[in-house]
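Asker: Under numbering that gives the first Met the number 0, the first residue of the sequence shown carries the number 0, and numbering increases by one thereafter.
Treat the hints with caution; some may be incorrect.
[Unchecked claim] Derived pair list, reagent style EDC-like, types lysine to aspartate or glutamate, alpha-carbon separation capped at 16 Å: (1) Lys26 - Glu72; (2) Lys133 - Asp146; (3) Lys166 - Glu135; (4) Lys166 - Glu121; (5) Lys26 - Asp12; (6) Lys26 - Glu47; (7) Lys26 - Asp76; (8) Lys166 - Asp146; (9) Lys133 - Glu81; (10) Lys166 - Glu154; (11) Lys166 - Glu115; (12) Lys133 - Glu119; (13) Lys26 - Glu3; (14) Lys166 - Asp105; (15) Lys26 - Asp105; (16) Lys133 - Glu121; (17) Lys166 - Glu187.
Don't read these hints as lab results, they were simulated from the structure.
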Amino acid sequence: MTVEHETSVAVWDLPTPVVIGERFSAKIGIRCSAECRLTGKLFEVRNEAGTRVGEGSLSEEPWPGTRALYWAEVLLDAPPCEGSFTWSAGPVAADLGSSHRQGSADVSFCTVGPPEHTVEVEVVRGDTGDPIDKVEVRMGIYRASTDEQGMARFELPSGEFRLIAWKPGFATDSASVEVIGDLEVRVEAWYVPETDPDDERIWM
0 MTVEHETSVA VWDLPTPVVI GERFSAKIGI RCSAECRLTG KLFEVRNEAG TRVGEGSLSE
60 EPWPGTRALY WAEVLLDAPP CEGSFTWSAG PVAADLGSSH RQGSADVSFC TVGPPEHTVE
120 VEVVRGDTGD PIDKVEVRMG IYRASTDEQG MARFELPSGE FRLIAWKPGF ATDSASVEVI
180 GDLEVRVEAW YVPETDPDDE RIWM
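With the sequences and hints as input, model every part of the structure.
Answerer: Here's what the structure looks like:
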C-alpha cells in the first residue's frame, strides 16, 4: 500500500491592491510532508472560474532557511475590473505523481483603478513636532510606512479614504480624507507610556 505524502502550498510577496489590467508577481512555495525534492515540479494558478492564469516550475534549491520549501516567482495579469478576487495556487496533479496528495493555497488580492494623485502623509509627535518613523499608515486598502522624515507616500485614485496611523506606544485619531488632487496631510501622534501591569497604583 502506497502512503500519499501531503503537500502544503504557501503564497507570499503578493501585492494588494494591484491596478486593474496590470501585471504583478507573487511567490509560490510547495513543500512535501516527507521533504521530497520537488525541483522542477510544475505549479499553476487558476482563477475563480478554474481557468489557468499562471504557471511555472519550482526552484533548484529550497527557500533560504527552510528544509524543503521549493518555490518560484510567477507573473499574473490583474483582471480588467475593480474588486476582490481569490484565485488558487497549487502543484499540477499530473506532474506531481500518485505518491503525493495535491494541496492548494488562496491567492487573494484587490484591484483598483489607476493612480491619479500623490498623497504624502507626515506623522509627527504632537508635543514636539518631531517626525516619527516606522508608523504604519493606511488609506483605505492602501498601506505604507513612514521613513526617517516621518513621511509616507501614496499614489491614489480620486475618492474618499479613511486614514489610520498606528505605531506601538503612540495614539492618533483616524480621519476621513477626500482626494481630488495632490495632497499633503499632517498627522499628530501622542506618546502613550506603557502601563506596568504589576504597578499597584493602577488597581487602586
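Asker: Look at each hint and say if it fits the structure.
Answerer: Going through the hints against the structure:
Of the pairs offered as hints, the one joining lysine 26 and glutamate 72 holds, with about 4 Å between alpha carbons and a cut-off of 16 Å not exceeded. With a CA separation close to 6 Å, the supplied pair lysine 133 and aspartate 146 stays within the 16 Å bound. A distance of roughly 6 Å separates the Cα atoms of lysine 166 and glutamate 135; the hinted pair therefore holds under the 16 Å criterion. For the hint linking lysine 166 to glutamate 121, the alpha-carbon distance of about 14 Å falls within 16 Å, and the restraint holds.
The straight-line distance between the Cα atoms of lysine 26 and aspartate 12 is roughly 6 Å, inside the 16 Å bound, and the hint therefore holds. At most 16 Å may separate the alpha-carbon atoms for a hinted pair to count; lysine 26 and glutamate 47 exceed this at roughly 19 Å. This hinted pair checks out: lysine 26 and aspartate 76 have alpha carbons roughly 14 Å apart, not beyond 16 Å. As the CA atoms of lysine 166 and aspartate 146 are separated by approximately 13 Å, the hinted pair is consistent with the 16 Å bound.
Our distance criterion of 16 Å between C-alpha atoms is broken by lysine 133 and glutamate 81, whose separation comes to about 30 Å. With a C-alpha separation of about 22 Å, the suggested pair lysine 166 and glutamate 154 falls outside the 16 Å cut-off, and the hint is violated. Pair hint lysine 166 plus glutamate 115 does not hold up; C-alpha atoms about 28 Å apart against a cutoff of 16 Å. A distance of roughly 15 Å separates the Cα atoms of lysine 133 and glutamate 119; the hinted pair therefore holds under the 16 Å criterion.
Only pairs whose Cα atoms come within 16 Å are accepted, and lysine 26 paired with glutamate 3 is rejected, the gap being roughly 25 Å. Note on lysine 166 and aspartate 105: the hinted pairing is violated, with a Cα-Cα distance of about 29 Å set against a maximum of 16 Å. As the CA atoms of lysine 26 and aspartate 105 are separated by approximately 12 Å, the hinted pair is consistent with the 16 Å bound. Simply put, lysine 133 and glutamate 121 have alpha-carbon atoms about 12 Å apart, close enough for the 16 Å limit, and the pair holds.
Proximity of lysine 166 to glutamate 187 is assessed by CA-CA distance (about 12 Å); at most 16 Å being required, the pair is judged to hold.
Checked against the numbered hints above, the structure breaks hints 6, 9, 10, 11, 13 and 14 and satisfies the rest.
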